[in-house]
Amino acid sequence: MMSTLSFSLLQSDLAQFAPRRGLLSIRRLDGSPNVDVNTPGFITATTRGLVPHLSRDHVRSTSSIRWTHIAFESFLDRVPPIPLLQSGPHSLHKFLGFRPNQHILSLSLRDPSDQRIMPPNGKDHVSAYCMSGVRKVTPQMWKDFTTACTPDIIVALSDTSLSDTNYSQKRLTKSVERSTAWLAHLLQSDAKSTSDPSSPRCRNILVNMAGGDEPRARASFSENLIEMLQGVEFEQVNPLRTLDEGVSGYIFELLPLRNDIRRDAPPAREEAAISSVIPLLKASLGPLPITKPRIAHSTSSPHEILQLIRDVGIDIFDIHWAQRAADIGIALDFSFPVPETHRQSENNDSQRQPLLDSTGRRDLGHNLFDVKYGNDHSSLASYLDEQSSDSATQHPTCPCAACSPHSPASHITHSSVDQTYLDPTTSTAPQHSYSRAYIHHLLHTHEMSSHSLLAMHNIAVMDAFFSGIRQLLETDLKNKESKFLEEVERFCNVYDDKMSMFRLAKEDWSTVELERGKGRLTREKEKEKEKEKEKEREKEKSATTTA
Amino acid sequence: MQFEVIAKCHTTRARVSRMKLAHGVTSLPTFMPVATQAAIKGMKILEEAGGAHQFQGWKHNLLTDSGGFQLVSLNKFTKITEEGALFASPFDGAPTMLTAKESISIQHTIGADIIMQLDDVVSSLTVGPRVAEAMWRTIRWLDRCIETHEKSGKHDVQNLFAIVQGGLDHELRDQCLQEMINRKDRVAGYAIGGLSGGEEKDVFWRIIKQCADKLPEDRPRYSMGIGFAEDLLVCVALGVDMADCVFPTRTARFGVALTFNGPLNLRLAKHASDMGPIDETCPCPTCSDGYSRAFLHHNITIETAAAHAVTQHNLVFQARMMGQARNAIIQGTFPDYLKSFFRNYFGDQGYPEWCINALRSVGVDLLESDPSAKTQTGSGAKWERVDTR
Ligand SMILES: [Zn+2]
Ligand SMILES: [Zn+2]
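Which chain is which? The protein sequence lines are A and B, in order.
Going left to right, the first sequence walks through residues 1 to 547 as our numbering numbers them.
Going left to right, the second sequence walks through residues 1001 to 1389 as our numbering numbers them.
One or more hints might be untrue.
What the hints assert, rightly or not - Label pairs and their calculated CB-CB ranges: (1) B:Pro-1095 <-> A:Asp-164: 51 to 59 Å; (2) A:Glu-227 <-> B:Pro-1283: 51 to 59 Å; (3) A:Met-228 <-> B:Leu-1268: 50 to 58 Å; (4) A:Ser-416 <-> B:Glu-1047: 36 to 44 Å; (5) B:Asp-1289 <-> A:Thr-291: 37 to 45 Å; (6) A:Ile-226 <-> B:Thr-1301: 42 to 50 Å; (7) B:Pro-1283 <-> A:Glu-223: 53 to 61 Å; (8) B:His-1060 <-> A:Asn-101: 29 to 37 Å; (9) A:Arg-60 <-> B:His-1060: 53 to 61 Å; (10) A:Asn-34 <-> B:Trp-1058: 35 to 43 Å; (11) B:Thr-1301 <-> A:Asn-34: 34 to 42 Å; (12) A:Arg-99 <-> B:Trp-1058: 26 to 34 Å.
Rather than coming from a laboratory, the hints here were simulated on the basis of the structure.
We put the CB at the ideal spot given by N, CA and C, even for glycine.
Generate coordinates for the entire structure from the input sequences, incorporating the hints supplied.
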């Protein structure tokens, strides 16, 4: 099933790296409605094909989940990979339970948020990870998988994974060459698919920007993309005149990039600052047209997102860190622009805002494991509070299923006598927000639903954050102002960018896991897995050296 | 509580009734899923929140246990005295006493529609004078619970159930039943307690039958901790109206999906490329959406979202099985329903002998149309792997 991706920017005369406001749209050629993502906007991350902690009902009722990214590698356990067994149109949507008229699905081989150091890629393969070990995936396999699955968007293979070997100049050149060749391969039409309407050329392809932490290598990859093709190379991708013509947008994977920076500049142990990443992204974008969407994977804070919008003009971000905050009991509570009530520079016990730390920065949310939430009966988010103070009638609340729960629209009845007893008045009455105390209780009693509620809430907070960014960019555009820059500055001054709350929450989470007794088993299982991975890696290494 | 029997099986002791509580009407027989088992730290939170219905955003009926069973099964340091259960607080280790009075006021704060008396629980494998002691103490504690409950002014919205004890001793059970039936006007319903799953199945059903036969017609009968399909249907046939168990939700987390053809272990490789749902005919959100066994296999026991999907299915399975039983009782076809259910559920694996015996005692012969059908001894649960519980 074909679909086309279009991207348009609101601004007409735009500087190359200026903040931008746009609309990305997937139009399906079967006449179903477009799925739109306003930019700056976000991609929902998945693990093993699932939005972590959410049931299918949850995913569908969370309207801010529009574009979801899937990593294919977990399915490599089996041959053929099971998503290929699903038949019919939109087979990947069907297999994973997403709705074509509600969700955009993009598919990459590797999980962009996987921190694993992988065995090096080969000349004709990418090393991918699944439960049973490392698998080699060739460009042809990737083409076959993606042709069979029909995602809306395909990420081309690239030689950009995390690796612990030092990149020599030669190695970098090779990586750029490989990534270029693999993209070209994906853009080629196969003999068998020329008559097929879903031939790869008609698909929407995104490309990872290769070149590691070397600006010249990055620029040279981009130059490969826009170079006019000649001879055989042209014949193969005809009617495309350049590779870039077959590319719908550019991806930056920050994890491998930061890994490269750190590895090449020892002894830096800390994560590379976003300021050292920015020039590298600019080096890639320099030669390229400004009209295509720019996507960044694996930012680690809202501060970084704002800086990448401000300094590079990135359009779309995954929100993996915000979704994963739900694992460790965090309810996010921040907004952009910074709300009035979060600007106060003193802690006030009677208030529900996130705490200020010793440096006067406010936490990005609430660590609900903390005993102080044990009798906090208020709802999760305080960032909307100020708006409700002047209008007593309409209290804006977070639209997530934790803050604005809905009763199911229908009930399943199981016998003839059940029907008559259903009371319509109780089933449609509005429900109260779940309280911080309730979720605190669920966390301490190991109930899975705590993580579901938090994941939905955190996604809603991120949606509001991006919507705040877009609104301000629009206002600036209309008034020819640059309030956005001021507000980014203010955001970075008000909220803690060290994410210290995340560290504390993680500690609390592991203590509770430990109390459960299951903690030990989980850790043992992890260790066992790690050992196996190590073995795989050794095997893989010896295999590549003998090859 | 309004309790009304609306249909009776012409052969077995099964019946359909309606139970009207403060939060709605429930059709019986029914299976009640168990929510969190953990104790809530201090009752202050719930008091502030206005009870468990408010706290959890649950608008339907709720039942709470007295804490007696949990204390015994989860805390090996619990000491039972005449006053109550003495245990080390799981929060600060301090010695804490749960008395009958205290247990009832906690349950008043929680605000469930049905509350349970504090009982003195002993394992069903216990023998000797301790069993009788526990039974008589349970009766004395019932009196204290009734007194607290009647004084509270909550007995028009909350309903107190007595718990029949007496271990596996028919004589003790009879004495307990008689004492508790004497208090019928002051209790809303009866639970059958003290059957923890360790006992022989042929002993289990006989105790259930003895209690269900004696318990008054106009009170709901609740069998505690029963969740396997065959146990539930046998209990219903013997006259039980309600049951509860963690089993369907817990087993889902371990990857077992319940079906009318027996439990499926989704972790087994045979499901890895099966694109069909758990059950084509199931109306649950998981099956009706076409969630494939293959995708469940891919994520079960790894991702919580897959556990949610199987949990939803298992709870709907339990509800369907009980709903079909209600329909069959109303339509006068319950004996046939039992036969076809057992045939499908146990298939060529063979009928559990204890089920055959139990159902014969109420006039249903599972082997009637096929006397040479395979049978099996033992507990008879059909598991694709034994380590899934
Ligand atoms: Zn919310
Ligand atoms: Zn189902």
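Status of the given 51 to 59 Å range, CB of Pro-1283 of chain B versus CB of Glu-227 of chain A: The hint (51 to 59 Å, Cβ to Cβ) holds, given that Glu-227 of chain A and Pro-1283 of chain B are roughly 58 Å apart.
Taking the beta carbons of His-1060 of chain B and Asn-101 of chain A, is their distance inside 29 to 37 Å? Taking Cβ atoms as reference, His-1060 of chain B and Asn-101 of chain A lie about 33 Å apart, which means the hint holds.
Does the beta carbon distance between Arg-99 of chain A and Trp-1058 of chain B stay inside 26 to 34 Å, or does it fall outside? holds (29 Å)
Per the hint of 37 to 45 Å, is the separation of the Cβ atoms of Asp-1289 of chain B and Thr-291 of chain A within bounds? holds (38 Å)
Can you tell me whether the CB distance of Asn-34 of chain A to Trp-1058 of chain B sits inside 35 to 43 Å? With a Cβ separation near 39 Å, Asn-34 of chain A and Trp-1058 of chain B satisfy 35 to 43 Å, so the hint holds.
Falls inside 53 to 61 Å, the C-beta gap from Arg-60 of chain A to His-1060 of chain B? violated (23 Å)
Starting from the range 50 to 58 Å, see whether the pair Met-228 of chain A and Leu-1268 of chain B falls in it by beta-carbon distance. Since the Cβ atoms of Met-228 of chain A and Leu-1268 of chain B sit about 56 Å apart, the hinted range of 50 to 58 Å holds.
In this structure, is the beta-carbon distance linking Ser-416 of chain A and Glu-1047 of chain B contained in 36 to 44 Å? holds (41 Å)
Quick one: are Pro-1283 of chain B and Glu-223 of chain A within 53 to 61 Å, going by C-beta? Distance hint for Pro-1283 of chain B, Glu-223 of chain A holds at roughly 58 Å.
Lying within 42 to 50 Å: is that true of the beta-carbon distance Ile-226 of chain A to Thr-1301 of chain B? With a Cβ separation near 48 Å, Ile-226 of chain A and Thr-1301 of chain B satisfy 42 to 50 Å, so the hint holds.
Take a look at whether the Cβ-Cβ distance between Thr-1301 of chain B and Asn-34 of chain A falls inside 34 to 42 Å. holds (38 Å)
Is it true that the C-beta distance of Pro-1095 of chain B to Asp-164 of chain A lies inside 51 to 59 Å, as the hint says? holds (55 Å)
In summary, the structure is inconsistent with hint 9 from the numbered list given earlier, while agreeing with all the others.
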